[in-house]
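As a plain string of letters, each chain reads:
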Amino acid sequence: DAKTTQPNSMESNEEEPVHLPCNHSTISGTDYIHWYRQLPSQGPEYVIHGLTSNVNNRMASLAIAEDRKSSTLILHRATLRDAAVYYCILQNTGNQFYFGTGTSLTVIP
Amino acid sequence: DGGITQSPKYLFRKEGQNVTLSCEQNLNHDAMYWYRQDPGQGLRLIYYSQIVNDFQKGDIAEGYSVSREKKESFPLTVTSAQKNPTAFYLCASSIEDTQYFGPGTRLTVL
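If you read the sequences in order, they're chains A and B.
Position 43 of the first sequence, counting from 1, maps to 189 under this note's numbering, and the rest follow consecutively.
Position 56 of the second sequence, counting from 1, maps to 183 under this note's numbering, and the rest follow consecutively.
In case anyone wonders, no lab produced these hints; they're calculated from the structure.
Nothing here was measured: the structure is a model prediction, and the numbers come from that model.
Every residue gets a Cβ at the ideal spot worked out from N, C-alpha and C, and that includes glycine.
Keep in mind that the hints are not guaranteed to be accurate.
[As the list claims (entries may be wrong)] Stretch-level coverage of chain A by chain B, calculated; a stretch enters the list once three of its residues show a Cβ under 8 Å from a Cβ in chain B:
no. : segment
1   : 158 to 172
2   : 183 to 196
[What the hints assert, rightly or not] For the chain A half of the interface with chain B, some residues (derived, Cβ under 7 Å), not all of them:
no. : residue
3   : Tyr178
4   : Thr247
5   : Gly248
[To be verified] Under the rule of at most 30 Å between Cα atoms (straight-line distance), these lysine-lysine pairs were calculated in the DSSO-like manner:
no. : chain 1 : residue 1 : chain 2 : residue 2
6   : B       : Lys197    : B       : Lys136
7   : B       : Lys184    : A       : Lys149
8   : A       : Lys215    : B       : Lys184
9   : B       : Lys136    : B       : Lys184
10  : A       : Lys149    : A       : Lys215
11  : B       : Lys141    : B       : Lys184
12  : B       : Lys210    : A       : Lys149
13  : B       : Lys210    : B       : Lys136
14  : B       : Lys198    : B       : Lys136
Chain A on its own, in the form it takes in the complex:
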């Protein structure tokens, strides 16, 4: 069973905010929520992570639902360089990271 569920693809206009959703209804109380992004033929790149509280960094914001069964990655102003596949991932206490199938983000100029 998939631990995370994401839409296959999304589009956004350049310089507009993007909200990428993720469902993780079977998350345990100690699992961290991570987001990574991947460009074609490259390794994934860390974006942000959190446990319970919303998180902000220079790349993005992470909004975590109160019941932790879903989360949303927010890119405040999409640029062409943000076009990538975005993965929502759960990390357990054994340091295993479970990747979903990701959302392919297209940014329209």
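Guided by the hints, dock chain B onto chain A, whose structure is given.
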């Protein structure tokens, strides 16, 4: 520069041959991971190692083997028992809660 290196970037092998993929890191990370990625799919965990001389199977370990004799190195062997080895292989290391990935090796078995 600190980072993770994987070599080679592209690798071709004949069916039935074992092949070893290299992964080296100079980040002083204890944990290292191997993932497999098929076209249009997410990453699936093959093996991971939390510390030198110790490693655990991931979700798709059958047909693969690893060793962790040094902190810096975590080579992956794709054996002839792996029925569908053509894929993109990614190595990662981690400290605290963040994983750092190498550039990947694209293995094609002919």
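Hint check:
1. Given a C-beta distance limit of less than 8 Å, the hint that chain B covers the segment 158 to 172 of chain A is violated, as 0 residues qualify and 3 are needed.
2. Requiring three or more residues with a Cβ within less than 8 Å of a Cβ of chain B, the coverage given for the segment 183 to 196 of chain A holds, as 7 such residues are present.
3. For Tyr178(A), the suggested interface contact is upheld, since its CB lies about 6 Å from the closest CB of chain B, less than 7 Å.
4. Interface hint status for Thr247(A): upheld, as the beta-carbon distance to the closest one in chain B is roughly 5 Å, under 7 Å.
5. The interface hint given for Gly248(A) holds, since its Cβ lies 5 Å from the closest Cβ of chain B, which is under the 7 Å cut-off.
6. Between the alpha carbons of Lys197(B) and Lys136(B) the distance comes to roughly 22 Å, so the proposed pair stays at or under 30 Å and holds.
7. For the proposed pair Lys184(B) and Lys149(A), the alpha carbon gap of about 18 Å is at most 30 Å, so the pair holds.
8. As the CA atoms of Lys215(A) and Lys184(B) are separated by approximately 27 Å, the hinted pair is consistent with the 30 Å bound.
9. Restraint check for Lys136(B) and Lys184(B): satisfied, since their Cα atoms lie roughly 24 Å apart, inside the 30 Å limit.
10. The suggested pairing of Lys149(A) with Lys215(A) holds, with an alpha-carbon distance near 11 Å, which does not exceed 30 Å.
11. This hinted pair checks out: Lys141(B) and Lys184(B) have alpha carbons roughly 26 Å apart, not beyond 30 Å.
12. Distance hint between Lys210(B) and Lys149(A) is fulfilled; the C-alpha atoms sit about 26 Å from each other, no more than 30 Å.
13. For the hint pairing Lys210(B) with Lys136(B), the CA-to-CA distance comes to about 22 Å; that is within 30 Å, so the pair holds.
14. Taking the CA atoms of Lys198(B) and Lys136(B), the gap is near 22 Å; set against the 30 Å cutoff, the hint holds.
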